[in-house]
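*Asks:* In case you want the letters, here they are:
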Amino acid sequence: MEKPITLPAFEALPTPQDLAQITHWLQQAGLHELELTNAQGLRLRLVANTSALSVASPSLPSTAPTAPAKPTSTPILTPYFGHLRLQDVATDKAFVTVGQTVQQGQTVGMLDLGSITVAIQAPGNGVLSSICAQEGDLVGYGHTIAFITPS
Amino acid sequence: MTEPKNFQRVLIANRGEIALRIQRACRQLGLETVAVHSEADAQSRHVQEADIALCIGPNAAARSYLDAEAIILAARLTEAGAIHPGYGFLSENADFAEAVEAAGIRFIGPTPAAIRLMGDKITAKQTMQAAGVPCVAGSDGPLPEDEQKILALAEQVGFPVIVKASGGGGGRGMRVVWQADDLLKAVALTRKEAQQAFGNPTLYLESFMQKPRHIEIQVLCDTHGNALWLGARDCSLQRRHQKVLEEAPPPGIPPELIAKIGQSCAQACRHIGYRGAGTFEFLYEDGVFAFIEMNTRLQVEHPVTEETTGLDIVCAQIEIAQGKPLHLQQADVQTIGHAIECRINAENPFSFAPSPGLVTQWTLPGGAGIRMDTHMAQGCTVQPYYDSLIAKVIARGATRTEAINRLQVALAEMQVEGIETNIPLHQAILQDTGFLEGGVDIHHLEHWLEKRSHP
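Protein sequence lines correspond, in order, to chains E and U.
With the UniProt record's numbering, letter number 95 in the first sequence gets 95, and the count goes up by one each step, no holes.
With the UniProt record's numbering, letter number 317 in the second sequence gets 317, and the count goes up by one each step, no holes.
Among the hints, a few may not be true.
Unchecked claim - If you anchor each label on the Cβ, the simulated ranges turn out as follows:
no.: 1; chain 1: E; residue 1: P79; chain 2: U; residue 2: P384; range: 22 to 30 angstroms
no.: 2; chain 1: U; residue 1: Q8; chain 2: E; residue 2: T72; range: 41 to 49 angstroms
no.: 3; chain 1: U; residue 1: T123; chain 2: E; residue 2: P150; range: 53 to 61 angstroms
no.: 4; chain 1: E; residue 1: S130; chain 2: U; residue 2: T381; range: 27 to 35 angstroms
no.: 5; chain 1: U; residue 1: H241; chain 2: E; residue 2: S130; range: 50 to 58 angstroms
no.: 6; chain 1: U; residue 1: K324; chain 2: E; residue 2: S73; range: 26 to 34 angstroms
no.: 7; chain 1: E; residue 1: E135; chain 2: U; residue 2: D312; range: 41 to 49 angstroms
no.: 8; chain 1: E; residue 1: T72; chain 2: U; residue 2: H241; range: 45 to 53 angstroms
no.: 9; chain 1: E; residue 1: S130; chain 2: U; residue 2: R239; range: 24 to 32 angstroms
no.: 10; chain 1: U; residue 1: Q8; chain 2: E; residue 2: S130; range: 34 to 42 angstroms
no.: 11; chain 1: E; residue 1: S73; chain 2: U; residue 2: G379; range: 24 to 32 angstroms
no.: 12; chain 1: E; residue 1: P79; chain 2: U; residue 2: Q148; range: 56 to 64 angstroms
no.: 13; chain 1: E; residue 1: S73; chain 2: U; residue 2: D51; range: 28 to 36 angstroms
no.: 14; chain 1: U; residue 1: Q28; chain 2: E; residue 2: Q87; range: 36 to 44 angstroms
What the hints assert, rightly or not - Here are a few chain E residues that face chain U, going by a calculated C-beta distance under 8 angstroms:
no.: 15; residue: P79
no.: 16; residue: F81
no.: 17; residue: Y141
no.: 18; residue: G142
Source of the hints: derived by calculation from the structure; they are not laboratory data.
All C-beta atoms in this analysis are idealised placements derived from N, C-alpha and C, irrespective of residue type, glycine included.
Throw the hints in and build the complete structure from the sequences for me.
*Replies:* Printed below as a string of structure tokens:
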């Protein structure tokens, strides 16, 4: 356990091979965790498991290449079935129009079952990007009637 | 009597092979169909082929096929004039049948009152006794609270006895007692279980038949006083009270004995004003029939009766619901030859663990005397949320031997990949000496399964 070890240069983030080597040393030394800091302020924390090794770097972006998060469309699904009503009978106007900002829980349409009506609500905040069902359509449970782009 | 309003569109409140079977019957009668389904079944064949398909809920049966309110709302929404409940799910739910009729929709099945009467096993048995149907000796009513009276009743019936829950049925909520010492403990335990499982602690007691066969009589009754019995089926091959293979007629039982019991069933139907299709289930031992329960619905195994009588039971159910009279008399009902049905389940043939998943190959058998009732196809997925029945292979022959031969060839021809099936189990049963002789009892298959060598 007294064997001197030389850590790789830490100007940039170590390569995966270097990380694996360091972690191996950690395990050999019976250590659980190691944190390194360099002059540039980079901080690297390594955690060695007995079974598998896991590498964590909380103050750095992940070393794994990840696609930048891009805004995706969220479908608005029907919570029940019925005839779709996109027009509010009280005001005779559309509940929502494409391009409009909607809030989570906002009513975007109704399901008409004759004796009862069920509201269709926006699942989150965003901009209504498209409507893909027609007024009066008989739609089933879980049917996509529109999309919103989350804000 | 006013003519019931006829309907042009039928909502099928079921899934799988039976939904497709009902859809075919509707088509043959020139009726439109509405397929209500769960999200998981959106791609299933009867949904794809229905005149109107409507997803009514998520995968859980409680929120789709068992959601009575949603089904009735869907029927109104799609202007369906009738609902066929199939088997299982809501088919024997009297409250559902009542709600359907209250909504002005025809329930393709018996009256709610008849379902309720037969749903309670004590009232069912009392009704059958009064109508002259032979029943197992027993308590002839609910068990008393008094322990001495219970003991006296059991002694009078004679041990072994079977203690059953009035709200049970289909093999649930029952316990066999071999000696007086164990009786009171068994009664207390069954009462507790019955309360938990059925919300009804009422029990009754019967003489326990030790090696009975399961024999059942199919009946069909119109609303014009015509009640027919359509021969008998032998459903003795069971595992955990689930039927595995059924045949008609029951081998080795004298036809005159079956005719006698069939006539008493038809008579009982007239007595209670029964409507539609139904099945009287009996235990049969040493030449004696004993009524156990009546199923107030279509049965999984109805095809073996259709194959031997040439009748279409599902079409008849629908026509009866339309108020039409049956166009035949008892003398016109003839059973010809022999038919056997194998229930093909998506399950491991040894462990019986369900085997849902994608079906990558699905090659069906054919030829003379072979009928396939199935909703599956290559590329279909067996859903994990429901019953594992994926097909019924039915073979008809002039004799039982011919039917067995045809079935053996058919099962060898059937190729299913991607999932496991119980086809190997059926193939083994069809080579079992006891089965080939015919007339095995209801414990035969389980004993056989215990003895067979594992791979």
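*Asks:* Would you mind marking each hint as holding or not holding in the structure?
*Replies:* Structure-based check of all given hints:
1. Distance hint check for P79 of chain E and P384 of chain U: the Cβ-Cβ separation is about 24 angstroms, which falls inside the suggested range of 22 to 30 angstroms.
2. Hint check: Q8 of chain U to T72 of chain E, Cβ distance near 45 angstroms, so the stated range 41 to 49 angstroms holds.
3. A hinted range of 53 to 61 angstroms for the beta carbons of T123 of chain U and P150 of chain E is consistent with their spacing of about 59 angstroms.
4. Here the CB-CB span from S130 of chain E to T381 of chain U is close to 30 angstroms, well matched to the stated 27 to 35 angstroms.
5. A hinted range of 50 to 58 angstroms for the beta carbons of H241 of chain U and S130 of chain E is consistent with their spacing of about 53 angstroms.
6. A hinted range of 26 to 34 angstroms for the beta carbons of K324 of chain U and S73 of chain E is inconsistent with their spacing of about 53 angstroms.
7. Checked against the given bound of 41 to 49 angstroms, the beta carbons of E135 of chain E and D312 of chain U, roughly 42 angstroms apart, stay inside it.
8. A hinted range of 45 to 53 angstroms holds for the C-beta pair T72 of chain E and H241 of chain U, which are about 50 angstroms apart.
9. Between S130 of chain E and R239 of chain U the C-beta distance comes to about 53 angstroms, which lies outside the given range of 24 to 32 angstroms.
10. Here the CB-CB span from Q8 of chain U to S130 of chain E is close to 37 angstroms, well matched to the stated 34 to 42 angstroms.
11. Checked against the given bound of 24 to 32 angstroms, the beta carbons of S73 of chain E and G379 of chain U, roughly 29 angstroms apart, stay inside it.
12. In this structure the supplied range 56 to 64 angstroms holds for P79 of chain E paired with Q148 of chain U, their Cβ-Cβ distance being about 58 angstroms.
13. The given range of 28 to 36 angstroms is respected by S73 of chain E and D51 of chain U, whose C-beta atoms sit roughly 33 angstroms from each other.
14. The beta-carbon spacing between Q28 of chain U and Q87 of chain E, approximately 42 angstroms, falls within the hinted interval of 36 to 44 angstroms.
15. For P79 of chain E, the shortest C-beta to C-beta distance to chain U is roughly 10 angstroms, which exceeds 8 angstroms, and the interface hint is violated.
16. Satisfaction of the interface hint for F81 of chain E is found here, the shortest Cβ-Cβ separation to chain U being roughly 6 angstroms, below the 8 angstroms cut-off.
17. For Y141 of chain E, the interface hint holds, since its Cβ comes within 8 angstroms of a Cβ in chain U; the closest pair sits about 5 angstroms apart.
18. Taking 8 angstroms as the C-beta cut-off, the interface hint given for G142 of chain E holds, the closest approach to chain U being about 5 angstroms.
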